[in-house]
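Trainee: Chains as they are written, first to last, in this note's numbering: chain A, 4 to 265; chain B, 24 to 405.
These are computed hints drawn from the structure, not numbers from a lab. The reader is advised that the hints may include incorrect statements.
[What the hints assert, rightly or not] Below, a list of computed lysine to any residue pairs in the SDA-like style, where the Cα atoms sit at most 25 Å apart: (1) B/Lys41 with A/Thr226; (2) B/Lys49 with A/Glu187; (3) A/Lys198 with B/Arg380.
[Claimed, not checked] Over the 10 Å line for every Cβ pair with chain A, so calculated as not near, a few chain B residues: (4) Leu29; (5) Asp31; (6) Gln35; (7) Glu42; (8) Phe43; (9) Lys49; (10) Gly73; (11) Leu74; (12) Gly76; (13) Ser86; (14) Ala153; (15) Gly217; (16) Phe218; (17) Ser250; (18) Leu340.
Here a beta-carbon is modelled for each residue, glycine too, at the ideal position from N, C-alpha and C.
The primary structure of each chain is shown beneath.
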Amino acid sequence: MEIIVCIKQVPDTTEVKIDPVKGTLIREGVPSIVNPFDKNAVEAALQIKAAKGGKVTVISMGPPQAMDALRECVAMGADEAVLLSDRAFAGADTWATSYTLAKAIEKIGKYDIIFCGKQAIDGDTAQVGPGIAEHLGLPQVTYVQKIREVTDTGMIVERAIEGGYEVISVPLPAMIAVEKSINEPRFPTMMGTMKAHKKQIPIWGAADINASEDLVGMNGSPTQVKRVFAPERRGGGEILQAEDEAGVCVLLVEKLREAKIV
Amino acid sequence: MRLLNLSDEQKQIVKIVKEFTDKEIKPYAAEWDEEERFPRPVFNKMSELGLSGLSCQEEYGGSYLDFLTKAMVFEELSKGCVAMAATLSVHTMVAYIIEKYANEEMKKKYLPRINSGEMLCSFALTEANAGSDAAALETRAESRNGGFVLNGNKIFITSAGEAELYFVMAKTDKSKGARGITSFLVEKGNPGLGFGKKEKKMGFNASITGELVLTDCVVPKDAVVGSVGEGFRYALETLDLGRVNIAAMAVGLAQAALDYALEYAKNRVQFGKPIASFQGVQFMLADMATEIEAGRGLTYNAARLMDNGAKAQEVTLAAAMAKRFTTDTAMKVTTDAVQILGGYGCMREYPVERYMRSAKILQIVEGTNQIQRIIVARQLLA
Chain A
4 MEIIVCIKQV PDTTEVKIDP VKGTLIREGV PSIVNPFDKN AVEAALQIKA AKGGKVTVIS
64 MGPPQAMDAL RECVAMGADE AVLLSDRAFA GADTWATSYT LAKAIEKIGK YDIIFCGKQA
124 IDGDTAQVGP GIAEHLGLPQ VTYVQKIREV TDTGMIVERA IEGGYEVISV PLPAMIAVEK
184 SINEPRFPTM MGTMKAHKKQ IPIWGAADIN ASEDLVGMNG SPTQVKRVFA PERRGGGEIL
244 QAEDEAGVCV LLVEKLREAK IV
Chain B
24 MRLLNLSDEQ KQIVKIVKEF TDKEIKPYAA EWDEEERFPR PVFNKMSELG LSGLSCQEEY
84 GGSYLDFLTK AMVFEELSKG CVAMAATLSV HTMVAYIIEK YANEEMKKKY LPRINSGEML
144 CSFALTEANA GSDAAALETR AESRNGGFVL NGNKIFITSA GEAELYFVMA KTDKSKGARG
204 ITSFLVEKGN PGLGFGKKEK KMGFNASITG ELVLTDCVVP KDAVVGSVGE GFRYALETLD
264 LGRVNIAAMA VGLAQAALDY ALEYAKNRVQ FGKPIASFQG VQFMLADMAT EIEAGRGLTY
324 NAARLMDNGA KAQEVTLAAA MAKRFTTDTA MKVTTDAVQI LGGYGCMREY PVERYMRSAK
384 ILQIVEGTNQ IQRIIVARQL LA
């Protein structure tokens, strides 16, 4: 089974702070980690590899320091890793990112399953996995909370929906985006860490993956971010209290008049 | 404080151990202490990570780490549970000596199982009348039918009853004193190996401490580790290693106490302000931080000397200084942490009283701090 896992390096906080002037994420002083959902994706891939044999390749698009995130996945047990890093990739939205990852996957060539985490904790879009599937023309299942069965030609998975789950049979190759509840990611081992640091991880640029310069990075991104801002803290509401409901109504009407709503 | 010149690999390993400690150890440490229970399943998880094999080479199933990284690993573990770190320390010390001095056959027989954590190791030196004066041990090993017969009692033995393999020091030649001591490996299940009572301690309760009772315990000739008569030398070398581990644990323990006390002081309001705004408390915190950092420096330096193949004497001195200073510091820092928390600090609901109970034990194990001073003085006066 040939499995590719797409991962992202993200700042280690669920409360990403935003520079109010520049409208970008403040990354200084925030340690970087492998996006937690992506670790679930790596774990899912490793479990299938343990059961069925094969190879797990992790790929990531990002700046050179994203190499650390790839090494961590290799330390967990992934066989190969590839970093997609090129100045041309900078400023990519989810469309351009998924195009770039899809081109890299095309270059790798052989794959049965592409795993992604359901979303990244910094952008929270949950669009890159589905985008990859669209670019490659593959079936996809998102929000996968359990893998019931894997055969050489297909998978049966549970897809989380509000208040329950769907059981979906999907032919392979396919893109599977996983939920946190799917598994408990293993810790990287010491031996794995040492191996990961000795491993040569290739870096591919736009030319290496035959990606069109017009379709990657800022150039390839139809999304225009007008402004990024942290919503202002809202103060607590006011609770109107009176002897009975009628009394509250009187107070409420008074308030609405004051506000010139009625 | 930031440490310079660490490789990415070292940083990554420390990060893994920190994450593991935060998730699998720290939340449960109080419970293990209360229940006086060694959590073997957690030790097994530590083994999966590669911690059981950290002193051995890959060919024996180890995940060899240099001494500096090892010290940082013990420091991180001890922020969660110093007793678990101590159990691991003893285990890896035995593995180290086997790898260094045992013959190939013994290494192949035991090391893969030790490094995988399948066999937990225990180090048995101390006896009722042989504490600081370890060479005075009375356990005998008599040569008989091509093997040896061991008789005697060992006390205060870490992981007694829990471990699968015991590194036992016994006298093969009474007339030769320390040079008549030989080390043996005795497996759990040997009919001559019994376990006495499990001790109830003031702290360190996630680490089992008990008695070994050797009664006509028959072992084959090839249970001898290294050479006959060299056991005490191995024991002393092991203790040098153990002391660096203990020093690293003391640093981690003290750091955990400072971290807790600092957070508390920032949030605890008295007289209308956080107590951290009072200079009296600030001075305590500043001294705690400074002394921890000094101890960390001594510890890392001892580890680096080992990594650079320094002479045994130099290592012994550095290890003794580090062990003495860091454990005395841990005692002081943990006591001050309890003081900063005041009444809350005395409550088991808060971790600092447990830290304080553990710190006292660190001043005593692997050679009391008085013995450490003797080691230092001996070299000064030599």
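Trainee: Would you mind marking each hint as holding or not holding in the structure?
Mentor: Hints, verified against the model:
1. B/Lys41 with A/Thr226: Violated, at about 39 Å.
2. B/Lys49 with A/Glu187: holds, 18 Å
3. A/Lys198 with B/Arg380: violated, 39 Å
4. Leu29: Given a closest Cβ separation of 12 Å, the condition holds.
5. Asp31: The claim breaks: B/Asp31 does not keep its Cβ more than 10 Å from every Cβ of chain A (closest is about 6 Å).
6. Gln35: violated, 5 Å
7. Glu42: Non-interface label on B/Glu42 violated, nearest chain A Cβ at 7 Å vs cutoff 10 Å.
8. Phe43: About 5 Å separates B/Phe43 from the closest Cβ of chain A, which leaves it inside 10 Å; violated.
9. Lys49: It holds; B/Lys49 is separated from chain A by about 15 Å at its closest Cβ, greater than 10 Å.
10. Gly73: violated, 3 Å
11. Leu74: violated, 7 Å
12. Gly76: Contrary to the label, B/Gly76 does not stay out of reach of chain A, its closest Cβ about 8 Å off (not over 10 Å).
13. Ser86: Answer for B/Ser86: violated, closest chain A Cβ roughly 4 Å.
14. Ala153: B/Ala153 clear of chain A: closest Cβ-Cβ about 36 Å, beyond 10 Å.
15. Gly217: Non-interface label on B/Gly217 holds, nearest chain A Cβ at 36 Å vs cutoff 10 Å.
16. Phe218: Non-interface label on B/Phe218 holds, nearest chain A Cβ at 32 Å vs cutoff 10 Å.
17. Ser250: holds, 32 Å
18. Leu340: holds, 30 Å
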